[in-house]
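Enquirer: As given, the protein sequences belong to chains A and B, one line each in that order. Under the numbering used here, residues 0 to 130 are what the first sequence spells out, in order. Under the numbering used here, residues 91 to 649 are what the second sequence spells out, in order.
What the hints contain is simulated information worked out from the structure, not anything from laboratory work. Please note: incorrect hints may appear among the correct ones.
What follows is a list of derived Cβ distance ranges for each label pair [said to hold, decoys possible]:
(1) 52/A - 603/B: 37 to 43 Å
(2) 275/B - 33/A: 45 to 51 Å
(3) 33/A - 171/B: 56 to 62 Å
(4) 483/B - 76/A: 51 to 57 Å
Selected chain A positions facing chain B (in silico; Cβ < 10 Å) [what the hints assert, rightly or not]:
(5) 4
(6) 8
(7) 10
(8) 11
(9) 15
(10) 18
(11) 53
(12) 69
(13) 114
Simulated pairs of lysine-lysine, DSBU-like, Cα-Cα distance not exceeding 35 Å [stated by the list, open to error]:
(14) 305/B - 606/B
(15) 96/B - 135/B
(16) 606/B - 624/B
(17) 535/B - 125/A
(18) 118/A - 535/B
(19) 274/B - 552/B
(20) 101/A - 587/B
(21) 103/A - 585/B
(22) 125/A - 560/B
(23) 73/A - 590/B
(24) 125/A - 552/B
We put the CB at the ideal spot given by N, CA and C, even for glycine.
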Amino acid sequence: MDRPIRVLVAKPGLDGHDRGAKVIARALRDAGMEVIYTGLRQTPEQIVQAAIQEDVDVVAMSILSGAHNHLFPKVVNLLREEGVDDVLVIGGGVIPEDDIPKLKEAGIEEIFTPGTSTKDVVEYIKRNVKR
Amino acid sequence: MFDKNKLEEIRLEKQNWTKNNVEKTISRFPERKESFKTGSNLEVKRLYTPDDIEDLDYNEKLGFPGQYPFTRGVQPTMYRGRLWTMRQYAGFATAEESNKRYKYLLEQGQTGLSVAFDLPTQIGYDSDHPLSEGEVGKVGVAIDSLKDMEILFDGIPLDKVSTSMTINAPASVLLAMYIAVAEKQGVPKGSLRGTIQNDILKEYIARGTYIFPPKASMRLITNIFEYCSKEVPKWNTISISGYHIREAGATAVQEVAFTLADGIAYVEAAIEAGLDVDDFAPRLSFFFNAHNDLLEEVAKFRAARRLWARIMKERFHAKSEKSMMLKFHTQTAGSTLTAQQPDNNIVRVTIQTLAAVLGGTQSLHTNSRDEALALPTEESVRIALRTQQIVAYESGVTETIDPLAGSYYIESLTNKIEEEAMNYIKKIDELGGAIKAIESGYIQKEIQDAAYNYQMEIESGKRIVVGVNKFQIEEEGHKDILRVDPEVERLQREKLKALKEERDNRLVEDVLMKLKEKANTSENLMPYILDAVKAYATLGEICGVLREVFGEYEQSIIL
Numbered sequence: 000m001d002r003p004i005r006v007l008v009a010k011p012g013l014d015g016h017d018r019g020a021k022v023i024a025r026a027l028r029d030a031g032m033e034v035i036y037t038g039l040r041q042t043p044e045q046i047v048q049a050a051i052q053e054d055v056d057v058v059a060m061s062i063l064s065g066a067h068n069h070l071f072p073k074v075v076n077l078l079r080e081e082g083v084d085d086v087l088v089i090g091g092g093v094i095p096e097d098d099i100p101k102l103k104e105a106g107i108e109e110i111f112t113p114g115t116s117t118k119d120v121v122e123y124i125k126r127n128v129k130r
Numbered sequence: 091m092f093d094k095n096k097l098e099e100i101r102l103e104k105q106n107w108t109k110n111n112v113e114k115t116i117s118r119f120p121e122r123k124e125s126f127k128t129g130s131n132l133e134v135k136r137l138y139t140p141d142d143i144e145d146l147d148y149n150e151k152l153g154f155p156g157q158y159p160f161t162r163g164v165q166p167t168m169y170r171g172r173l174w175t176m177r178q179y180a181g182f183a184t185a186e187e188s189n190k191r192y193k194y195l196l197e198q199g200q201t202g203l204s205v206a207f208d209l210p211t212q213i214g215y216d217s218d219h220p221l222s223e224g225e226v227g228k229v230g231v232a233i234d235s236l237k238d239m240e241i242l243f244d245g246i247p248l249d250k251v252s253t254s255m256t257i258n259a260p261a262s263v264l265l266a267m268y269i270a271v272a273e274k275q276g277v278p279k280g281s282l283r284g285t286i287q288n289d290i291l292k293e294y295i296a297r298g299t300y301i302f303p304p305k306a307s308m309r310l311i312t313n314i315f316e317y318c319s320k321e322v323p324k325w326n327t328i329s330i331s332g333y334h335i336r337e338a339g340a341t342a343v344q345e346v347a348f349t350l351a352d353g354i355a356y357v358e359a360a361i362e363a364g365l366d367v368d369d370f371a372p373r374l375s376f377f378f379n380a381h382n383d384l385l386e387e388v389a390k391f392r393a394a395r396r397l398w399a400r401i402m403k404e405r406f407h408a409k410s411e412k413s414m415m416l417k418f419h420t421q422t423a424g425s426t427l428t429a430q431q432p433d434n435n436i437v438r439v440t441i442q443t444l445a446a447v448l449g450g451t452q453s454l455h456t457n458s459r460d461e462a463l464a465l466p467t468e469e470s471v472r473i474a475l476r477t478q479q480i481v482a483y484e485s486g487v488t489e490t491i492d493p494l495a496g497s498y499y500i501e502s503l504t505n506k507i508e509e510e511a512m513n514y515i516k517k518i519d520e521l522g523g524a525i526k527a528i529e530s531g532y533i534q535k536e537i538q539d540a541a542y543n544y545q546m547e548i549e550s551g552k553r554i555v556v557g558v559n560k561f562q563i564e565e566e567g568h569k570d571i572l573r574v575d576p577e578v579e580r581l582q583r584e585k586l587k588a589l590k591e592e593r594d595n596r597l598v599e600d601v602l603m604k605l606k607e608k609a610n611t612s613e614n615l616m617p618y619i620l621d622a623v624k625a626y627a628t629l630g631e632i633c634g635v636l637r638e639v640f641g642e643y644e645q646s647i648i649l
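So here's chain A without its partners, still in its complex pose:
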């Protein structure tokens, strides 16, 4: 690869729990990736805008408030509407197992739940990034 993997770490919705997002952001950076963190309270539109402007390879979203079923697919749909199809979209947070198949069907390619090692996330991104 000729340039480092670029990742947008995003907090969609009103949830303020950003410990996980910040730990992940730092771990990805320590693994050599370029990381942009959106900060709190991003609408799906803002996240997609940022992803396009920053020309990222990965959008990694974190939600602990239970709004994932609504907000994660919205981001994927908006990306598609913008004609973006080579960005890897992943999510994490307190996400019940039953929700995962539907989220994957909606185009979120992997969901990481509590207890995940940052190494696993790094490995996953390296293996699955699309460009």
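Position chain B against the provided structure of chain A, taking the given hints into account.
Expert: Showing chain B alone in chain A's frame:
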């Protein structure tokens, strides 16, 4: 506290013991680790003796329960008089659903209510705001207007229960709604008991439900202090919270330091607003976390009490002892709960409960075993409450006050935490106080570093989390979890629409205009917020008016 000659003897004996016993043993059986640390990475020695607390002056540093410096507790009889308040934080979906859960908890022997609001409510948006999409009723109950609040407390006598409300940026609005509901029940506001969290600084630091910039937020907070000291004198006007700071990854020392630094900022703001310290300080309360390192946590609570008493006396020259008492609520540590083998969390919560009780808490929420998976089920909440009841009625730790006092380790650790927290507070003073230290991102960065360090320790295996990085098993999916019906959002929007058709909209316009006008002056806003609430202006409308005048806070992002 110890005779000098005796101390010398102890030192000599300790040297002999180290040489003759310990070194011999270690040469054959090395210790498990090179160095031992507390859960927050403070060095732990092999053994503590009187030598480690040789300068401890009993009367000055420990004293007696209910007396300065309150190290041993804030009441003279502690749990021999009355047990702590068992207060489970609860609320989800609609006011109707939450009202049912409260009645259930009260029937189960819970002694106080603790209201969880959904995120739109906490950030001052109505359920029909675009940013509320997907969030209505999720992490707590949705409250749009006084109407919802009337349903929430329907059939719950507000003169009999004490209610804690986790609400910060719009605390004045929710408090006004509570007062209005009480009036409708015929309960005068002077007799209301409870707490609003009302701690905006930790929202900027760690929790994220801020609305307005610091200056306007501090004004709203001091408005509440002033109003309540006259009108709602039994109400705890703020719960200065280390809980979320710790959840964000802070160490025990940082939890104490940053919480008390926030406390200092509130006291300074109130004094600057012209209030007398002894008029408002007795109604300040605190909120801490209880983690797994039992002894470190006990020392933490004791250190916090002693340090706050000193700050109030020496720095702010409080005269009333009540102003120097650090009273606190505790919640067990959500961040220590694992999604793996969730029943193990019951054991973690038990240890944390013991820490809170041995540390002298005034009230306690115990987390449910399934919180790393979803919202807790009724059964899980009952086990969590039973955990408190078992510690209260069966463990025996409640029968004497501050039972761990005098332990060489506990006293030494209490000193250490106090000292290190004081160093942080000095540093924050140098930076210009808590608000400046937040705006520059200093406090957030310190916490993030600790959080990252903690995660790396787990990943390297240096720190063991049972079921996560050791003793794992293959697990089936966890199916029995509570879900909030997405219908709630639609229902809540319908209720809101109906309200806006029913109410006197001319009156609503008038009260909102008045509020806006007064927000531009330096007058206390509480009476105008109360008028707005009583006219059934919505939370979103009231906060909207204040947003127009005050603007919104911009987060400083530092990675």
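Enquirer: Hint numbers the structure violates, sorted upward?
Expert: 2, 5, 11, 19
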